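Residues per chain are reported as follows:
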Amino acid sequence: MKLKIVVLAKQVPDTRNVGPDAMTPEGTVNRSALPAIFNPEDLNALELALRLKDQNPGTTVTVLTMGPGRAGEIIREALYRGADNGYLLTDRAFAGADTLATSYALATAIRHIGVPDLIVGGRQAIDGDTAQVGPQVAQKLGYPQITYTEEVLACKDGKIRVLRHIDGGVETVESPLPCVLTVNGSAAPCRPRNAKLVMKYKHAKCAMEMTEETPYKELIAQRPYLQLGQLTAADVEADLEQCGLSGSPTKVKQVENIVFQAKESKHITASDNDIEGLIKELLANHTIG
Amino acid sequence: MNNVFVYCEIEGTTIQEVSLELLTKGRKLADQLGVQLEAVCAGSGIIGQVEKQALPYGVDRLHIFDEPRLAPYTSLPHTDILVNLFRKEQPQICLMGADVVGRDLGPRVSSTLHSGLTADCTSLEIGDYEDKKNNRIVKNLLYQIRPAFGGNIVATIVNPDHRPQMATVRSGVMKAEILDPDYKGEVIIEDVSKFVPEEDYIVTVIEREVKAAKNNLKGAPIIIAGGYGMGSKEGFDMLYQLAKEIHAEVGASRAAVDAGFCDHELQIGQTGVTVHPKVYIACGISGQIQHIAGMQDSNIIISINSDPDAPINQIADYVITGTVEEVIPKMIKYYKQNSK
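First to last, the protein sequences are chains F and W.
Residue 148 is where the first sequence starts when you use the working numbering, and the numbers rise one by one after that.
Residue 86 is where the second sequence starts when you use the working numbering, and the numbers rise one by one after that.
By construction, these hints were calculated from the structure, which means they are not laboratory data.
Quantities reported herein were computed from a predicted structural model and do not represent experimental measurements.
A hint or two may mislead.
[To be verified] To give an idea of the interface, some chain W residues facing chain F are shown, with a C-beta separation under 10 Å as derived from the structure:
no.	residue
1	Glu94
2	Gly97
3	Thr99
4	Tyr158
5	Leu202
6	Gly212
7	Val243
8	Glu292
9	His332
10	Ser388
11	Asn423
Where is the CB? At the ideal position from N, CA and C, for every residue including glycine.
Based on the provided sequences and hints, a complete structural model is requested.
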């Protein structure tokens, strides 16, 4: 069966490889020192969508990302791997959104671009690790959800059957379509970029990315597939009260750099004498044994 | 009204450890706020089973939802239960476990009620919040404290205007303590059909396989954890030898797991298990913040590292500068010699 799939993807700072310059002396995050990457689990979600497309000819995979202009990179990365099109949801009004305001904006955009059969996203993004946006988008659209997805086992007759991880095991779950899946990092990794698709889409841009200096302007104007979708809050008819900071029930009271209290350590060497002394001490005070 | 609620996660008819930990924390928060502690149990065949498990933690009111289709857990019916119960009871705080169930359910409930939710809190406190923008002070809010940005910062989150204030907490972060084995709380058997519409039983669990955890890291009094410095899978064998002698469990840092030295289940840290053993022996672990977040509350920390400046040494009580290959066999040898 032909499916309309929306993949939710986020551009995130690479918090897994934090160098010494990642924090400013004031204790705030120095975003410019962290490379912006495709959120790893969103790549697993993209692969899951592309596999469904491989198995179901006529399926379309649309990528939706929310962020500033540079997040257009996420759409291109997805196109290079086989997505059909993409939208950048971008507006000052979305700034400062917590997960609830984010899911409101995404759900509104999904309604605007057309109700899909399936929405997939990574389980969580590595900058927040909340795992909340997927289920909240599902709730906002009134769809069921399957989180912690490992693999789609079957998708036919308006139903999807999924293998998911649960605490201490696995579960096979079936849901009617449309529904929302969030995908684990342990699911199938995303296929690499396809060279032909890179050639095709490398000049693709959304309107926000276009500047005076942008090369190939004429080429982009002639070829609609090089014009990436861009949506503002007004385009998707979002209620501004529910967007960004004002739509966010959670407020950040305080942010602290992690400083561990250094303890008075007892330093010893690897000599037989020292190790035996330590073991005796630990045995004597019943720490071990 | 305005009480503290804990959603109890149930496997079969057993309330999960994380929920007992949250009941303990919830009791303390309720005392501080001068309100009652309420618990929600939803499952199948649980009437007569969960009462004696929950009440001793100081539960004043226990809501039981018993219906065959509520187990195994699926998102929609459990969401309906909490949403409709909360609309009626107007809790000020709701806590749930930050595991697969809580992280599936929490966001769905918070989205329906438009209340804020903070995931994976490592600490919960009560305090005031100065809202500078609106020039007011909001009293007695729940401080939801959690690591963010891959564990590099700690953020304190508040929900000044929306109720309930929702938070999830990982298993092992809080401690479960029975308040009074004979604590008298009210048990309310709820009519599930009044909370869950028929059409919400649309997601079905076809097959389910749950294995008991292979290790007991959370409850272990002594943990020997290996890091990237162990060098190989074979390096970990040495840890198992020492563990066998001193009756310890073996854990690992993320770097060791990623390198394939050991199983993912052994991972200790922010994205793994949180532990607080009596003794933590860190072997070849440099001490990334993410790892330290999961073990810093250990009573005694022993670090074995060839690098005298490894970050973990700062929080260690004993720093042994040397290679693991040299130190661990000696520890085994002298333990055998000196223990009776």
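Exercise for the section: With chain F as the partner, please determine if glutamate 292 of chain W meets the hint condition of a C-beta pair closer than 10 Å. Expected result: Check passed: Cβ of glutamate 292 of chain W comes within 4 Å of chain F, closer than 10 Å.
Handout entry: Residue hint tyrosine 158 of chain W, partner chain F, criterion CB-CB below 10 Å
Key = The hint holds - tyrosine 158 of chain W has a Cβ within 10 Å of chain F, the shortest such distance being about 8 Å.
Practice task
Verify the interface restraint on serine 388 of chain W: the C-beta must sit less than 10 Å from at least one C-beta of chain F.
Solution key: 8 Å, holds
Practice task
May I ask you to test the interface hint for leucine 202 of chain W with respect to chain F, counting a Cβ-Cβ separation under 10 Å as satisfied?
Solution key: It holds, given that the least Cβ distance between leucine 202 of chain W and chain F is near 6 Å, below 10 Å.
Handout entry: When the least beta-carbon distance from threonine 99 of chain W to chain F is tested against 10 Å, hint result
Key = At about 13 Å, which exceeds the 10 Å cut-off, the nearest Cβ of chain F leaves the hint on threonine 99 of chain W violated.
Practice task
Tell me if glycine 212 of chain W is really an interface residue toward chain F, meaning its C-beta lies closer than 10 Å to one of theirs.
Solution key: This hint holds: glycine 212 of chain W lies near chain F, its Cβ roughly 9 Å from the closest one there, short of 10 Å.
Exercise for the section: Using 10 Å as the Cβ threshold, decide whether glutamate 94 of chain W counts as touching chain F. Expected result: 9 Å, holds
Problem - Interface hint compliance - valine 243 of chain W to chain F, C-beta minimum distance less than 10 Å - result: Holds - the Cβ of valine 243 of chain W comes within 10 Å of chain F, reaching about 5 Å at its closest.
Practice task
Double-check histidine 332 of chain W for me: the hint is only fine if its C-beta lies closer than 10 Å to a C-beta in chain F.
Solution key: Interface hint status for histidine 332 of chain W: holds (8 Å vs cutoff 10 Å).
Problem - Hinted contact asparagine 423 of chain W with chain F - closest CB pair below 10 Å - result: The hint holds - asparagine 423 of chain W has a Cβ within 10 Å of chain F, the shortest such distance being about 6 Å.
Problem - Interface hint outcome for glycine 97 of chain W [beta carbon to chain F under 10 Å] - result: 12 Å, violated
The structure fails hints 2, 3 (numbered hints given earlier, in ascending order).
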